[in-house]
Structure formats: structure tokens, C-alpha cells
Amino acid sequence: MSTLAALARLRAVQTGTARRLATVRHCHLSERPMVFIPLRLAGEAAAPLAAMAGTDPAHPRLLVVPQPRDRDLRFAFTAELAEILLPYVEGLQKATETVERRGAEPYERCVDAPQLIVPNRSAVAFVHMLGRSTRFRRAEGPYAVHPSVPVLGRWLTFLAQRAQYPGSALLLAATEALSLHWATGQSALEDANLASLVSWIDPPPGMSGASAAREAEDPLIWPPAGPATDPGFDTEVLAPAIRAYEETRGERAAARVGEAVRSQLEPTWRLMWRAIGLLGTLPAGPGTAARWEADRASFTNFAAQLAEGGPPQPKRDSAVGAASRLARMERARASYDAQRAYDDPLVMAAYRLTGEAFTGTVLATDPDRTEGEGRGRKLRPLLTVRTGDPVRLAPGTRLGTPERRGQQAEVVEITGEQVTLKIVKGMGRGKAATPGAVPEVGERVCYAALADEFQPPASLPAPEDTPWTHGGPPPEHVPEDEPEEEWS
Amino acid sequence: MTGNDVSPAVEAATVVEAVLADLPRHRGVVVDSPPGAGKSTLVVRAAGHLAATGEPLMIIAQTNEQVDDLIVRLAAEHPDLPIGRLSAADYAVPQRVVDKASVGTKLPDLGDPAVVVATADKWAWIGDRKWPWAIVDEAYQMRSDKLLRIAGLFERALFVGDPGQLDPFSIVDGDRWAGLSWDPLQSAVAVLLRHNPDLPVHRLPVSWRLPASAAPVVSEAFYPYTGFKAGTGPGDRGLSFAAGGMRTAYDVALEEAAASGWALYELPSRHTVRTDAEAVQAVAVLAARLLQRAPVTRSERGEHPVSPDRVAIGAAHRDQVAAIQAAGLPDGVTVDTANRLQGREYDVTIVLHPLSGRRDATAFHLESGRLCVLTSRHRHACVVVARAGIPELLDAHPSSETVRLNVPVKFPDGWEANQAVLAHLAKHRVEAAPLR
Amino acid sequence: MDRLDRLRGPVPPRPHDARAIAALAANPGCARRAVLDAAGIDKDATATHLGFPAPFGQSPFAITRGNVFEALVKESGCAELLRLLRELLGLPIPLAAYTDLGDIGGNPSAHLRHSHTRKLIDRAARDSDDAGTLYDHPLLRLDIAGHSAYLEPDVVTFRLGGRFHIVEIKSFAVVDGQAEPEKVAAAARQAAVYVLALRNLLEELGHDPRRVSHDVVLVCPENFANRPAATLVDVRRELAVLRRQLARMTRVGTIVDALEPELTFDLAPDADGVPTRPVAELRDAVRGVDARYAPDCLSTCDLCFFCRDEAAGGGSTDLLGRQVRDALGGIATVTEALGLADGSLTPGEGQEEIARLLRLADRIYAEVS
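Respectively, the protein sequence lines represent chains A, B and C. Just so you know, we're using the numbering used here here: the first sequence kicks off at 1 and counts up by one. Just so you know, we're using the numbering used here here: the second sequence kicks off at 1 and counts up by one. Just so you know, we're using the numbering used here here: the third sequence kicks off at 1 and counts up by one.
Note that these hints are calculated values from the structure, not bench results. Predicted model, so just to flag it, every value in this text is computed and none were measured. Idealized CB from N, CA, C, for every residue including glycine. Careful, some of the hints might be misleading.
Among chain C residues calculated to face chain A with C-beta under 8 angstroms, some are [what the hints assert, rightly or not]:
1) Ala62
2) Gly102
3) Gly105
4) Leu360
Please construct the entire structure, taking both the sequences and the accompanying hints into account.
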């Protein structure tokens with residue numbers, strides 16, 4: 001917790017409303033996101049009870065499993081969910097653009113990608129579980145399911161796995177997206193309650209965020225945003241309704257369960273669109289487009305794999321798969337952290353407070369200074385910056401700057417409020433600095449020890465060459481289907 | 001010591017012989033080496049032993065500094081052994097390595113040396129050759145995904161490292177791999193042994209660095225199940241001051257450390273920001289005072305004045321390191337985080353206790369490896385600076401760690417290790433005098 | 001210990017089950033909780049009477065699920081469990097006797113049932129045959145701050161040769177080898193309570209307590225099926241924590257001695273058990289023992305809403321979480337921290353540094369937002 005974020009929380013307590021933690025939006029927001037609110041039967045790992053889903057705030061689709069312990073009804077639910085989700089993702093695969101690449105064939109990338117928004121982290125975990133429980137199903141043989149079910153499972157798995165990449169926006173948890181941009185006057189733990197978080201950010205007229213947030217904790221006023229339901233609701237409303245359905249198996253009894261879960265889902269449905277509206281009030285940060293591009297590429301790739309009939313995602317990563325995924329996730333993390341700071345002075349502020357970054361005014365420059373002789377001669381301009389920030393950087397530290405993203409500078413010396421820097425990268429090959437490449441005297445600049453560049457990791461062995469230290473080559477691919485897998 | 005006991009030197013030599021004898025018999029041999037137990041000596045010895053067979057050897061270290069250190073020691077012990085060093089293009093050859101190894105970015109640049117040394121990161125880019133032998137140094141600090149990238153390069157390997165130090169880490173959440181035998185965030189040794197549980201694991205039994213005053217404390221707190229002893233006896237090491245003191249609390253603390261090997265310089269209890277100005281100043285003043293007192297060490301290596309480069313200051317966080325640097329230190333004194341002090345050795349260390357001034361302990365603060373690194377770098381004395389109240393903090397610490405299935409439990413527990421060290425330090429407590 | 005009885009009032013102490021004992025480690029720094037727990041006070045009833053009922057409830061679906069799964073594992077003399085143990089421990093267990101220690105007829109007292117368990121466990125410990133024995137519903141005992149707590153018998157003890165294993169049956173799923181870490185942790189903490197109680201029992205009977213393994217057998221449904229799967233869980237860490245917390249409980253006397261002599265949390269229930277104690281009076285009594293509120297309490301302590309309200313009333317920075325509190329370097333209230341940040345408050349001794357940091361944060365925040 002940075003002092004800055006702590007201070008923002010204190011101010012929120014004082015004023016009764018949330019304080020901004022960002023000046024721009026750091027997650028891509030689709031023009032047509034799909035909101036998905038799943039409910040799970042208590043005590044089960046992945047037994048869906050109900051869900052509300054859709055892309056139109058005025059027309060949510062309600063999906064209900066009137067007896068969640070019934071395997072056939074569960075798969076009917078997933079088939080119905082597939083009817084909603086699959087057309088959405090397939091529709092987005094149609095429009096593509098050609099991407100030129102240096103040293104490689106150009107390729108086609110979808111111009112847009114799906115964005116699934118769920119209420120919270122637990123819902124993301126549920127998406128993962130639902131994907132796991134459906135992607136190995138088969139459309140033929142014993143325990144056959146509708147052919148769309150395993151396809152849905154693979155898409156859900158893809159989205160849930162992609163959500164583990166920092167900065168990805170294909171599957172967003174509303175509470176996390178909001179907490180990234182606002183500080184409330186309560187703890188991070190309480191921020192996991194969507195109703196209470198939204199109340200802090202956007203309290204109803206005539207009410208403070210603080211008191212609205214307290215009210216939002218009452219499950220009778222604001223039902224939980226799922227996937228867990230309120231135990232009181234389970235006891236008093238849901239259990240009798242399911243029992244009645246169990247006895248008659250009729251339409252009316254099913255409708256009773258439906259109405260019961262609708263009462264729990266509708267308030268959250270409205271809340272979700274309010275959350276999306278709140279995020280939409282912030283202008284998009286420059287880095288979101290680049291990260292969305294990576295999301296689109298990943299979406300395009302996965303759609304192609306699926307079309308080629310590849311096997312479902314394995315249950316767990318192989319040794320090589322795990323190492324390769326870790327490298328990609330670490331790269332995403334580093335670049336996400338750096339991009340947010342460079343995109344947003346309020347994010348950068350936290351680094352300034354700890355002395356890892358500073359802003360100041362250029363006092364003097366030596367733009368045409370060079371190092372080396374002959375062909376090795378390079379432009380290495382010096383500049384001196386005056387700053388009021390508490391700089392804690394050792395000489396030799398590499399710095400980047402939001403004003404000139406391609407450049408890198410090195411700390412030469414710090415004396416009192418003056419920092420002397422040497423630009424060591426991004427000066428080009430010319431004999432003199434191009435205009436604007438070196439900051440002018442009097443210019444406001446910001447430098448930070450954050451790099452948005454990465455060293456490509458060394459290659460990994462092919463899976464069949466997994467060394468003895470890591471268990472040797474994995475066994476030949478065995479289908480991981482478990483059609484006999486019985487549901488409770 | 002009873003008459004039946006063998007000397008520490010003999011005991012250690014027996015283990016080394018057993019390691020060398022095991023090398024041709026197994027695909028992998030692991031050697032656990034507690035702080036200062038002669039890990040580098042073993043690596044150099046094993047390198048000579050393997051090179052003598054005429055088969056080429058690759059040595060893998062984790063940082064450029066470790067590579068350079070190894071080259072210097074190899075060259076000193078085996079002057080006739082041709083050594084190669086692989087490095088990145090922008091690596092500047094330090095003076096101490098010049099003429100001791102052929103340096104290049106690719107194997108063909110090196111000629112054909114008997115031994116090639118490089119970092120794990122560098123080795124990952126070198127393909128097209130299979131080495132009959134490898135030595136992996138600091139293998140417990142190496143993440144297993146790095147080993148995966150290079151394990152195909154060798155047929156057999158000796159893995160050497162200290163299991164008590166800091167575990168490798170990642171900036172991302174690695175939960176998805178929890179419980180997997182090849183979890184990429186586990187150490188290279190953990191993954192190796194999980195797939196090859198029958199490989200021999202040897203333990204170096206003697207710390208040549210830690211004095212008799214420190215070895216039992218560190219051994220009990222951080223190596224409770226394996227243990228090690230000091231290579232020197234209680235009277236074999238001494239620290240004294242050639243210049244007189246002024247009976248300030250700093251002097252008392254330094255004298256306590258000189259006499260007993262430990263001192264706890266205790267500031268009044270208070271919750272503070274991480275860069276607690278009083279604690280930072282106390283650390284800096286202690287370092288300055290230490291050198292003003294013209295310290296002299298006496299040991300099996302003879303009598304030597306303690307120069308600034310033999311003094312180190314350790315802290316948990318980078319901002320604390322920066323604050324201590326900014327507080328003004330004698331030139332040449334090292335100040336760094338626990339992560340970066342791993343594997344290093346000094347005569348005297350001054351430690352800012354990770355829990356000093358904290359109201360709540362986090363997993364980071366309690367990680368046993370952090371305190372282990374900080375309290376096991378010294379040959380003579382260690383002065384710990386802390387605010388009072390750490391026992392109360394530990395006492396009130398909630399135990400809410402989550403549990404992952406099929407993940408081996410790691411010992412020692414950070415809480416217990418912290419308690420053990422504090423209990424010992426309490427015997428060497430010196431109350432800080434009011435500042436100014 | 002009659003001081004603790006007076007604190008509680010004329011009702012029997014609330015029995016500590018393994019879950020309650022395991023929860024002792026959740027916030028050991030809280031004196032309020034320590035005193036209420038040591039005195040066996042019904043915190044849930046106290047919180048409800050104060051107007052801050054605890055936010056915990058269990059769904060009937062979860063309870064049913066748990067019962068169904070346990071019944072399945074124990075069907076036909078634990079046949080399924082035995083199969084799992086064979087696979088897990090890699091032992092050729094030809095057959096195993098099944099003994100239900102809860103089955104002694106009538107409605108025996110806990111003390112009687114415990115004696116029965118004692119007798120049979122003693123016999124089992126003396127036996128050294130190779131056949132396994134499963135003991136269902138053992139009633140174990142653990143001393144908590146001088147009181148004997150009888151532990152709810154929802155566990156199976158398995159003896160094979162000279163060793164005992166605690167078997168814990170839980171209905172959360174293990175999917176692809178992993179389960180929710182919080183749930184596994186809770187199960188491990190509870191199992192550690194049983195391991196310790198069984199070890200104490202063996203020791204009392206003159207046997208080697210180490211014959212109770214620190215590896216407990218966790219039985220859970222596998223993947224999405226009802227089929228049980230067993231995993232060994234090493235509870236050595238949890239055992240160490242538990243020992244620490246039990247030792248602390250015996251020291252609660254020092255806190256109690258410092259309390260006002262007439263202080264009591266008696267709810268003064270009437271003949272129907274309805275509390276009649278004036279709420280304001282009870283509130284003052286509870287406030288008489290310091291709490292150490294942290295947001296984590298919201299998932300572990302019945303009194304959480306009361307303590308949160310108290311912290312909010314005092315403008316405490318504890319409300320915002322341990323991390324925020326730590327970042328504020330020990331500044332206790334929101335007003336004080338904000339006063340230091342905007343410069344309206346002169347920092348006290350030892351506050352200069354956090355004041356400088358807060359002022360800088362305030363300046364930068366104003367500059368960029």
C-alpha cells in the first residue's frame with residue numbers, strides 16, 4: 001500500500017465518497033461488453049444455479065437450473081449459456097485486419113474481441129471452474145451433451161486463463177476494475193463487495209458513500225453479487241422453491257425458482273452496468289489500446305486453434321508449458337506496471353513518493369555531447385533537472401520517461417535538488433540531436449526507474465525434450481476426457 | 001569436545017570426499033551448504049577433480065558477480081586450468097578477471113577451455129553442445145524454469161547451494177502451478193529432487209565463516225533438522241578496538257558485539273514508517289563509530305584491521321537501503337538488501353531488523369530466509385538494530401496462511417525462526433541512548 | 001478461574017469445538033476476543049444482543065452436501081475410506097475393523113463417552129497386530145485455559161500397526177489436485193486440534209505421542225463427481241501455531257486481573273433464555289476490554305460488526321486494513337493523519353517522518369489529480 005493510496009483512503013473517509021486513484025482508465029472497455037453474473041449452488045464446486053447474461057442493459061437473459069443437483073438440467077443450462085456466448089464470440093471473429101511483421105509473414109488479426117465482465121474475483125474463478133467442468137464433455141457416447149457445451153468450456157477456459165495476464169481485459173472483474181481507479185473509505189476486503197464499492201464511488205442522491213456502503217452490506221437490500229448466494233435466501237426462499245420443483249417437476253414450480261433467483265440477480269445486473277458506466281467516465285489511457293491489441297491477437301489465435309480442431313486445454317500445465325506461460329505473464333506484469341505509470345501522473349506519483357521517480361524542470365542541457373570515437377561515436381546528451389521530489393536513485397540507474405518513450409537515461413549524479421542525467425538510448429545515429437529529442441531548458445520532465453521493454457527469454461526445450469530434472473518427456477498425449485465423470 | 005570427536009576439518013573433508021566419490025555414480029548430486037560452509041571451496045575442488053578426468057565441464061552461477069568470483073578462485077587454485085567465460089555483449093570485464101579467463105559471447109570465441117563458466121541466463125542461449133559435466137552453484141536461489149532451459153546441456157550435474165536462504169520469487173501470482181512437481185516458481189533443487197528423489201543429498205557440516213558465537217544460533221533457528229557447527233572454537237576469533245570509546249550506547253553495543261559476537265541495539269518501542277529515521281541514523285552512526293574505533297580482528301588468518309569493505313549493512317527493503325545510504329556512511333561500507341547480500345561475507349555486519357517499527361508482520365517480513373541471510377554474513381560480529389516490541393508483535397501475529405495441497409511444507413517456520421533469533425539477541429541487548 | 005465464570009454469568013461455558021479452537025489463531029492480539037473465548041462466552045448471542053448480529057450463516061444446501069458426502073465415505077463400515085487409505089498409504093491393508101466409539105447406547109455424557117474412547121484407544125495402542133482399525137466418532141479432550149473442552153466427534157481415527165492417522169472428511173472439491181487454499185487451511189487447522197488431542201491422550205495413557213502422525217488424511221470429493229479422493233496434509237505448522245495459542249490462553253489471566261472487578265458480560269437471560277441485560281450496560285462492559293479490530297475479523301469473529309462500528313466511531317485507521325495502518329507508520333486516527341497531511345497539525349515526537357511523507361503525498365496528489 002503506497003502512502004498515496006493510503007492518503008486517498010483517508011480522504012475518502014473524511015469526505016464520505018471515494019477518491020480517484022487514476023486520471024485515466026487503465027483497462028480497455030469494449031463498446032459491447034457482455035455482462036455475466038453466475039450464481040452457484042452452495043456447497044458445490046461448479047454446480048450452476050442461475051446466471052444473468054447479455055450485452056444489452058435493458059434485456060438481460062436469465063438462465064435457471066431449477067434443480068442444480070440434476071446433471072441433465074445443469075447441462076441444459078450450459079447449452080443455453082453457449083447459445084448466448086458462442087454467437088457473441090463468433091460474431092467478433094468476422095472482421096479482421098492484416099498485420100505486417102518484420103521478418104515474418106503478415107497475419108490476420110480480429111479488429112475486436114469479446115469482453116466478458118463479471119462482478120468479482122470469485123466469479124472469475126467460477127468461470128474457470130465452469131470451463132473445466134464442460135470442456136472435456138463429449139457430444140457422443142455415454143453421458144453425451146449438446147455439441148456446443150465442450151466448445152463453451154474451451155472458451156470459458158480461454159477467458160479465465162487470459163484473465164491471469166496482468167493488463168488483459170478479455171475477462172474483467174468489476175470490483176477489481178473499479179478498485180484500480182478509486183480508493184474508498186473502507187478496507188480492500190470490503191471493496192470486494194460490488195454493491196458497497198459502487199456506493200462509495202457513486203452514492204445515491206442525498207446519501208454519503210459511507211452510509212450507502214453500509215446499507216449495501218445488507219443482503220435483504222442488496223443481494224450478494226455471487227457466485228455464492230445469501231444463506232438466509234437459501235433457507236427461506238430457494239430451498240422451499242427447489243423442493244416444490246422436485247415434487248412436481250412442473251413449469252410453475254420451475255418458474256418459482258426462476259423468480260427467486262431473479263430477485264437475487266436483478267439488483268446486481270443494474271449495478272454491473274452502473275460500474276461499466278463509471279469506468280466509461282474516465283478517458284482511456286494510451287496503453288490500453290496496445291494491451292487490447294495483445295488481447296485481440298490472443299483471441300484470434302485461440303479461435304484459429306479451435307477451428308483447427310485442437311484438443312481441449314490440458315488440466316494442468318506441463319513443465320515446458322508452465323515455464324513458457326510464466327515468462328509471458330512476467331513480461332505482461334512488468335510492461336503493465338510501467339505503462340500505467342507512464343500513462344498516468346497519479347500512478348507515477350506513488351513512484352515519486354518512494355524516490356523511484358521524480359518530476360522537475362530542466363535547468364541545463366548539453367544536447368550535442370558525444371562519447372566514443374570514429375564509427376563508435378554516439379550522441380550522449382547530458383541534462384540537469386531540478387526537482388522537489390525525494391529522489392532515491394543510485395548513479396548508473398537506468399530511467400525511462402513518459403515524454404519520450406523510446407529513450408533511456410542514466411543517473412550521473414545527484415546533488416541536493418539537482419539530478420544530472422545522461423541520455424543513453426534512443427538518440428538515433430545522427431551527428432546532432434534531432435529537434436525535440438533532448439528536453440529544452442525550462443521544460444517539465446519526469447523520469448522513472450521503470451522499463452517497458454523486455455529481453456526475450458531464451459527458448460525452452462520442446463515438450464518431448466523435457467529434461468530428466470523435470471520428469472523427462474511427458475507421456476504421449478492421452479485424451480483427458482472423463483465422460484464417466486459423475487455429477488453429484 | 002570429547003576425545004572421540006573428529007576435528008571439524010576432518011569431518012568436512014569426509015563429506016567432500018563422499019561428494020566427489022558420488023559424482024560418477026549418480027546423474028545428479030546435491031550438496032546443501034549452510035552459510036560459509038565452504039561451498040565455493042567445494043565447487044573449485046570439484047571443478048579441478050572433474051577437469052582432471054579430461055572431460056569438459058560447464059559451471060552455472062546465478063549472477064555475473066558470482067561468475068567472476070568463481071573464476072578468480074578457480075584460477076588461484078588451478079593456475080594451469082584453461083577457463084572460459086561466456087558473457088553478454090555489454091559485460092565489462094572487471095580487472096580481477098582479466099588474464100584469468102578467455103571471455104566471449106559465444107563458445108567458439110573462447111578457444112577450447114576445459115572449464116566454461118557463465119550465468120544461467122547466459123547458458124540458456126548456448127545450444128548445440130552436450131557437456132558431460134555441470135556444476136550448478138547457488139542452486140537453491142535458481143528458479144526451476146531457469147534449470148529447465150539449460151538442463152538439456154549437461155549429462156550429469158553437481159548442485160550446490162544454501163537451502164536456508166531466500167527462495168526465488170516472481171512478480172506474478174503463481175498459484176496456478178501450486179502442487180505441480182515442476183512448479184516453475186520452486187527452486188531448481190526442489191524440482192530436481194521431486195522428480196529424482198533417490199539422488200544423494202550431502203550436507204556440509206561446518207561453517208568456516210560463522211564464529212563459534214553465531215553458528216549454534218543460526219543453526220538452531222534456520223537449520224533445525226540438519227544443523228551445522230562452527231569450524232573455529234570460542235577462543236579462536238576475536239574482535240577488539242585499537243581506539244578507545246566514549247561509553248555512549250553505540251560504544252557499549254559495539255563492545256558487546258566484540259565481546260560476544262552479537263548485540264541488539266534497541267530503540268524505544270514505536271510504530272514507524274519503513275524508513276524509520278531514528279533507526280536509519282542509528283545504523284549509520286554505528287557503522288561510522290565502528291570504523292572510528294579502529295577495529296582489529298584476530299582469527300586463524302592472523303590479525304587484521306577491519307577495513308570499510310569488510311563491513312556490511314543489511315536491510316529488508318530497497319527504500320531502507322537508500323535511506324541508510326543517504327544518511328551518510330563511511331566510504332567503502334556495503335549496504336544492501338538481504339536478496340543481494342546472499343552468498344557474501346564480511347567481518348562485521350549491522351542489520352536493520354525487518355520487523356523493527358512494524359505493527360503487523362507480513363509473510364515478507366517473516367520469511368525465515370531473509371533473517372537468515374542478514375544474520376549469517378559475518379565472521380566476527382553482528383549488530384542488530386531494532387525497536388523494542390518485536391516479541392509483542394510476533395505474539396499478536398495472526399496465523400492465517402492458506403494451504404495448498406501437495407506442496408511440501410517448508411521449514412523452518414518464519415515465526416519460530418524469528419523467535420529463536422530474538423530470544424538469543426535479548427541476552428545482548430543494549431538500550432539506545434536518546435539521540436543528540 | 002471463577003473470575004472467568006463471573007464474566008460469563010450463570011450459564012454453562014460455550015463448548016469449544018475444533019473449529020473454535022482453530023480460530024484462536026485468527027487474531028491473537030485482540031484482548032477482547034481472548035477474554036471472551038477464555039470465559040466460554042457465547043459471542044454470537046452477545047453480538048446479537050448488542051444489535052450487531054454476526055454476518056455468518058450456512059446454507060442448508062452446503063449442510064446437506066456435507067452430510068451426504070460423509071455418509072457416502074462411511075458407507076458399509078467405511079469401505080470406501082479403506083480403499084482410499086490403501087491407495088494413499090500404499091499399504092496392503094487386508095481388512096480393517098470398524099469401531100464406532102459414539103455407539104455406547106443411551107444418551108451418555110461427554111465425560112462418559114470420552115472415557116470410552118480412552119479405553120479403546122489405549123487398547124488399540126497396546127495392540128500391535130497388522131490389521132487396521134477405524135475408530136469413528138472418538139470423543140477427544142483438550143484443555144483450554146484450564147477448562148476441558150470435548151471435541152465434536154466428526155472425525156475418524158485410523159490405526160495401522162503402531163501408527164494413528166487423523167482422517168478429516170470435508171465436502172469441498174479437489175479439482176485436478178487442488179482445492180480452495182482457505183478451505184484446506186481451515187481443515188488443516190482443525191485436524192491439528194485433533195492430532196494434538198489424540199497425542200495428549202496417548203501421552204496420558206503412557207504411550208509415545210509421536211505415534212500420531214502429523215500427516216492427516218484429508219478426504220474430499222474429486223473433481224465434479226461425488227467420488228472421494230484422499231490427500232495427505234502435513235499439519236506440523238498448524239500444530240506449532242496451536243500449541244502457541246493454547247499457551248497464550250493460559251496467560252489470559254493477566255488481562256483478566258486488570259479488568260474492573262465488577263465487570264461481567266452476563267446477558268441475564270430470563271426463563272426462556274431471552275437476554276434481559278440493558279444493551280447500553282453490556283456495550284460498556286464489552287468496551288471495557290480492548291479490541292484490536294482488523295478487516296480480517298469480518299470473516300472470523302462474531303463480534304466483528306460491533307468492533308468495526310466502534311473503530312469507525314473513534315475514526316481509527318484500523319478500519320482501512322493492516323496495510324494502510326502500516327503505511328501510516330502507526331498514526332492511529334484518520335483526523336490525526338489528515339491533520340499531518342495538510343499541515344494543520346504539528347507532528348508530535350516521532351511523527352516528523354510520517355508527517356513529511358504525508359505532506360509530500362498530499363502535495364503530489366493535489367498537483368496531479
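Hints versus structure:
no.	hint	result
1	Ala62	holds (3 angstroms)
2	Gly102	violated (24 angstroms)
3	Gly105	violated (33 angstroms)
4	Leu360	holds (6 angstroms)
Against the hints set out earlier in the document, violations occur for numbers 2, 3.
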